[in-house]
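Asks: Residues per chain, in single letters:
Number of protein chains: 2
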Amino acid sequence: MIHARFPGRLVMLGFGSIGQGVLPLILRHIEIPKERITIVTAEERGRDVAEEYGIRFVVEAATRENYRDLLAPLLRRGDFLLNLSVDVSSVALMELCQELDVLYLDTVVEPWTGGYTDPALTPSQRSNYAMRETAIALRERARGGPTSVTAHGANPGLVSHFVKQALLDIARDTGTPVATPPPAADRAAWARIAEGLGVKVIHIAERDTQVADRPKKPGEFVNTWSVDGFVGEGCQPAELGWGSHEKALPADGHRHGFGCDAAIYLMRPGASTRVRTWTPLEGPFHGFLITHNESISLADYYTLRDAGGRVLYRPTAHYAYHPCDDAVLSVHELAGKNWEMQAEKRLMTDEITGGMDELGVLLMGHAKGAYWYGSRLTIGEARKLVPHNNATSLQVTVAVLAGVIWAMENPRRGVVESDEIDHARVLEICRPYLGELVGAYSDWTPLQDRARLFPEELDRDDPWQFANFRVT
Amino acid sequence: MIHARFPGRLVMLGFGSIGQGVLPLILRHIEIPKERITIVTAEERGRDVAEEYGIRFVVEAATRENYRDLLAPLLRRGDFLLNLSVDVSSVALMELCQELDVLYLDTVVEPWTGGYTDPALTPSQRSNYAMRETAIALRERARGGPTSVTAHGANPGLVSHFVKQALLDIARDTGTPVATPPPAADRAAWARIAEGLGVKVIHIAERDTQVADRPKKPGEFVNTWSVDGFVGEGCQPAELGWGSHEKALPADGHRHGFGCDAAIYLMRPGASTRVRTWTPLEGPFHGFLITHNESISLADYYTLRDAGGRVLYRPTAHYAYHPCDDAVLSVHELAGKNWEMQAEKRLMTDEITGGMDELGVLLMGHAKGAYWYGSRLTIGEARKLVPHNNATSLQVTVAVLAGVIWAMENPRRGVVESDEIDHARVLEICRPYLGELVGAYSDWTPLQDRARLFPEELDRDDPWQFANFRVT
Ligand SMILES: NC(=O)c1ccc[n+]([C@@H]2O[C@H](COP(=O)([O-])OP(=O)(O)OC[C@H]3O[C@@H](n4cnc5c(N)ncnc54)[C@H](O)[C@@H]3O)[C@@H](O)[C@H]2O)c1
Ligand SMILES: NC(=O)c1ccc[n+]([C@@H]2O[C@H](COP(=O)([O-])OP(=O)(O)OC[C@H]3O[C@@H](n4cnc5c(N)ncnc54)[C@H](O)[C@@H]3O)[C@@H](O)[C@H]2O)c1
Chain A
1 MIHARFPGRL VMLGFGSIGQ GVLPLILRHI EIPKERITIV TAEERGRDVA
51 EEYGIRFVVE AATRENYRDL LAPLLRRGDF LLNLSVDVSS VALMELCQEL
101 DVLYLDTVVE PWTGGYTDPA LTPSQRSNYA MRETAIALRE RARGGPTSVT
151 AHGANPGLVS HFVKQALLDI ARDTGTPVAT PPPAADRAAW ARIAEGLGVK
201 VIHIAERDTQ VADRPKKPGE FVNTWSVDGF VGEGCQPAEL GWGSHEKALP
251 ADGHRHGFGC DAAIYLMRPG ASTRVRTWTP LEGPFHGFLI THNESISLAD
301 YYTLRDAGGR VLYRPTAHYA YHPCDDAVLS VHELAGKNWE MQAEKRLMTD
351 EITGGMDELG VLLMGHAKGA YWYGSRLTIG EARKLVPHNN ATSLQVTVAV
401 LAGVIWAMEN PRRGVVESDE IDHARVLEIC RPYLGELVGA YSDWTPLQDR
451 ARLFPEELDR DDPWQFANFR VT
Chain B
1 MIHARFPGRL VMLGFGSIGQ GVLPLILRHI EIPKERITIV TAEERGRDVA
51 EEYGIRFVVE AATRENYRDL LAPLLRRGDF LLNLSVDVSS VALMELCQEL
101 DVLYLDTVVE PWTGGYTDPA LTPSQRSNYA MRETAIALRE RARGGPTSVT
151 AHGANPGLVS HFVKQALLDI ARDTGTPVAT PPPAADRAAW ARIAEGLGVK
201 VIHIAERDTQ VADRPKKPGE FVNTWSVDGF VGEGCQPAEL GWGSHEKALP
251 ADGHRHGFGC DAAIYLMRPG ASTRVRTWTP LEGPFHGFLI THNESISLAD
301 YYTLRDAGGR VLYRPTAHYA YHPCDDAVLS VHELAGKNWE MQAEKRLMTD
351 EITGGMDELG VLLMGHAKGA YWYGSRLTIG EARKLVPHNN ATSLQVTVAV
401 LAGVIWAMEN PRRGVVESDE IDHARVLEIC RPYLGELVGA YSDWTPLQDR
451 ARLFPEELDR DDPWQFANFR VT
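Top to bottom, those sequences are chains A and B. Under the numbering used here, think of the first position of the first sequence as 1, with each following residue one higher. Under the numbering used here, think of the first position of the second sequence as 1, with each following residue one higher.
Treat the hints with care, since some could be wrong.
The list treats identical chains as one, so a pair stands whether inside a single copy or across any two.
Using 25 Å as the maximum straight-line C-alpha spacing, the simulated DSS-like pairs for lysine-lysine come out as follows [as the list claims (entries may be wrong)]:
no.: 1; residue 1: LYS247; residue 2: LYS384
no.: 2; residue 1: LYS345; residue 2: LYS34
no.: 3; residue 1: LYS217; residue 2: LYS345
no.: 4; residue 1: LYS337; residue 2: LYS384
no.: 5; residue 1: LYS368; residue 2: LYS34
no.: 6; residue 1: LYS217; residue 2: LYS34
no.: 7; residue 1: LYS368; residue 2: LYS337
no.: 8; residue 1: LYS217; residue 2: LYS247
no.: 9; residue 1: LYS34; residue 2: LYS247
no.: 10; residue 1: LYS384; residue 2: LYS368
no.: 11; residue 1: LYS34; residue 2: LYS337
no.: 12; residue 1: LYS368; residue 2: LYS345
no.: 13; residue 1: LYS368; residue 2: LYS217
no.: 14; residue 1: LYS345; residue 2: LYS247
no.: 15; residue 1: LYS247; residue 2: LYS368
no.: 16; residue 1: LYS34; residue 2: LYS384
no.: 17; residue 1: LYS384; residue 2: LYS217
Read the hints as simulated data drawn from the structure, not as lab findings. Values in this document were obtained by computation on a predicted structure and should not be read as measured data.
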């Protein structure tokens, strides 16, 4: 089914697991002549896939020095730059697109290469909070300009729409249905819904159970999506949107002292920080508190302030990620080497023999306790649905597709975050590709089964305090 | 080659991975008529192996109530009880053996079933420190009685002999060679050697890289040796021999207030406690600080006191265990379920496709920094050497064999710990089965590569403080 007809040209920057996975979706759902698409990427990887679809394939890495000369000749007013690369500054590309009047989408606010692990930068400067601030700083200038969708993959991205759907579901199931969902642009109205329901904590709760036909080797980092992407964010400080119900900043918690102030960071890498969370199929588990754009954007979006600007309500929001088992082992090995990257990387694709990605949002603290809403996509279904995808990538690529379509349908919105995009439209486009879309209530809290063998410091008065979730 | 001729009868209690693995070694190196051997075990598992060797196989679990009636009829003066079971009290069996004048060996001081995780007991009461105290409390009464070897497997067990060999190697390589190694019974002489060399910390540093042809399933605990044994000790408090150089007790550290006082425990399970360590092949890695008998016995053995009993010297000693990757995942899953055991268990045997057990002792703080001495045994070698073993079990079973032979050769020693056994004799028996026996120096310290991306609280004045090793 064709969702959009696009008369311009499309440049795809980067053609790794996400680029290769989204191409067949674009060709299936957007009417655009193949010869108007160009792939620009840093390596030969994926050339076979580009050739399979007859798409022009240019191997040249974008750098701080050459990106303008590399990309400007390929882009005219009304064209689209789809950034699925690593190591290229999203903000630089967004500025270029505003200047050239070109539509834009990326799945993460990425710095120039090394930006995640530059020891010359403070942890605050290396945070996603800081990256996001640089992206949303373009908002004013871009008002009325070409649409630039920032950070719209699965998470960040799709999960913002899951949160809205989850809020509507909880409202319905607790006797306070929302007759007409507010438009995405009405931030305050959505924040009032969350506050009214009593949502205190939002986890992006993900359990990837995909396994392969070969074990991880020593000295090999294995993952179901970008190894560089995961290691990069894993070495950033752990970050979380900091809710108004939280009683005390963690001992290693810090505010940034600039920007929206919706989030804090911990003085340690997210890949060494674990939190308790829950998904319907896995049950309780420990996830990594990897920093993500959505932890901050969700907390910011759902903030209510009084007339004086004082925060009245904000949920705590963060990622609680159980990557595939081989990635858990890879992180364990990486930590053991003090974050010195393994010599080998492997992005699991054809060797996957089973498993699924159970990716959703867990809203906690409301009248029904905890509610998880999300996608259960098995590797088998993913392969059947779209070539060149695994379960993890398809959840991302379909969200990229939906974001691209939404931008084409809404081409003059300037810089927009996922939360500002119509969730119903995105879910409509994504639904056929998400396997089972499931909503499930649970009485799980992070206090469940605690302190059985050893005393633990717990806040029994409020299960939803971050201190209760954290694994120490 | 026959090491010993045994005229008595041998009862093997428990016939899991260690029991099955040691049987061919016993039959190969000890002259004993097969019909004098009886296996008593709790389940059918291993019957095929017993039948293969023509050994009597009795399925009946020993319990607090029946153990005397079950075992006494099988044992007469001069016989041998080899305890390789789980869930049976070692102390109860040792007492029985003293009474019946029967030789005895086990590989761990085991409590009756549930003793590791009985919430009615305090963490101190559930510790290996407490278990060991109950075992060595028999010493006086057993003096001159039949030899009862307590906790003599690979670790505890073999590693005590590795420590002695390592001390002699370091002495040789630092220009203070030990002309005649003191007898094992001369505890103080050995402690003076360790003190003289400046050994501050001893790790049992183990990296098991064995992998299988199938991935761990969700809800399955996988290990290369007893799953019950590992989970049991993993849920005990983390424990370590507490060295005289340590400046401050950890915030969660506790003394027991009774017994030898050589060790402390942390108020948390060892399976959730990680430490930095090093082996020659793996390099730096994070191991689990699983409690082990040898952490306490080594610290106790190598303690020097002044005339008033004040401690002058003691090394810190503990386990730093990287089990096979599937076990790391199993522990991660188990922790996520708040130590509620998985429904399925799998002890990896025939499905192992590669890897080795790199098991040794890491002596640190001396003039040459760090010295690792130990065994590198691959699964391929292990299989070639002895049937019904993997690399992990063979390091244990050959140490069991050596302990049994030593007991037969020294039948009137009463209760003895590994450190009190002649290391040269044990290593002589074990050497052919340990793959490569390797000694390697390293300039590694736990300060290496630290605090690159984030500030860390480090004691830069003394790298060998426990606080520097601990992963927080
Ligand atoms: N929001 C989400 O849900 C989500 C999920 C997965 C991935 N991502 C992000 O999407 C991006 C791509 O992920 P992936 O799994 O495809 O990564 P990948 O590692 O598989 O591929 C990265 C691609 O970028 C290219 N590249 C690297 N440096 C470049 C440069 N200087 N110029 C041009 N191209 C360059 C590489 O050649 C490769 O084609 C990453 O930034 C990742 O963090 C987001
Ligand atoms: N010191 C070391 O290096 C070392 C190494 C590995 C194992 N171990 C110890 O050796 C023991 C055996 O290890 P494994 O890997 O063979 O364990 P396993 O789980 O494979 O086998 C345990 C055996 O004990 C039997 N058993 C259980 N309950 C019993 C009962 N009540 N009465 C009689 N038999 C009973 C089981 O049937 C089984 O045959 C464990 O205590 C383990 O901790 C020590």
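Asks: Decide, hint by hint, whether the structure agrees.
Replies: To see whether the hints hold, each was checked on the structure:
Neither within a single protomer nor between protomers do LYS247 and LYS384 lie at most 25 Å apart by alpha-carbon distance, with minima of 48 Å and 61 Å respectively. Proximity of LYS345 and LYS34 under a CA criterion of 25 Å is satisfied in neither setting, with 32 Å inside one chain copy and 53 Å between copies. Taking identical chains as interchangeable, the C-alpha atoms of LYS217 and LYS345 lie at most 25 Å apart whether they share a chain (10 Å) or sit on different chains (23 Å). Taking the closest pair of Cα atoms, LYS337 and LYS384 never come within 25 Å of each other, the shortest separation being 39 Å inside a single copy and 33 Å across copies.
In this assembly of identical chains, the alpha carbons of LYS368 and LYS34 never lie at most 25 Å apart, being 50 Å within a copy and 66 Å across copies at closest. In this homomeric assembly, LYS217 and LYS34 never come within 25 Å of each other (Cα to Cα): the closest approach is 40 Å inside a single copy and 43 Å across copies. For the homomeric pair LYS368 and LYS337, the shortest alpha-carbon distance between copies (22 Å) is at most 25 Å, but the shortest distance inside one copy (43 Å) is not. In this assembly of identical chains, LYS217 and LYS247 lie within 25 Å of each other by CA distance neither inside one copy nor across copies; the values are 44 Å within and 39 Å between.
Taking identical chains as interchangeable, the C-alpha atoms of LYS34 and LYS247 are never at most 25 Å apart, the minima being 55 Å within one chain and 69 Å between chains. In this assembly of identical chains, LYS384 and LYS368 lie within 25 Å of each other by CA distance neither inside one copy nor across copies; the values are 36 Å within and 59 Å between. Within a single copy, LYS34 and LYS337 get their C-alpha atoms no closer than 45 Å, and across copies no closer than 50 Å, so neither meets the 25 Å cut-off. With identical chains, the CA atoms of LYS368 and LYS345 are never at most 25 Å apart, being 43 Å at best within one copy and 35 Å at best between copies.
With identical chains, the CA atoms of LYS368 and LYS217 are never at most 25 Å apart, being 44 Å at best within one copy and 32 Å at best between copies. In this assembly of identical chains, LYS345 and LYS247 lie within 25 Å of each other by CA distance neither inside one copy nor across copies; the values are 41 Å within and 41 Å between. Taking CA atoms no more than 25 Å apart as the test, LYS247 paired with LYS368 passes inside one copy only; the shortest distance there is 22 Å, against 50 Å between copies. Proximity of LYS34 and LYS384 under a CA criterion of 25 Å is satisfied intra-copy only: 23 Å inside one chain copy versus 59 Å between copies.
Taking the shortest Cα distances, LYS384 and LYS217 sit within 25 Å of each other only across copies (23 Å), while inside one copy they are farther apart (29 Å).
The structure fails hints 1, 2, 4, 5, 6, 8, 9, 10, 11, 12, 13, 14 (numbered hints given earlier, in ascending order).
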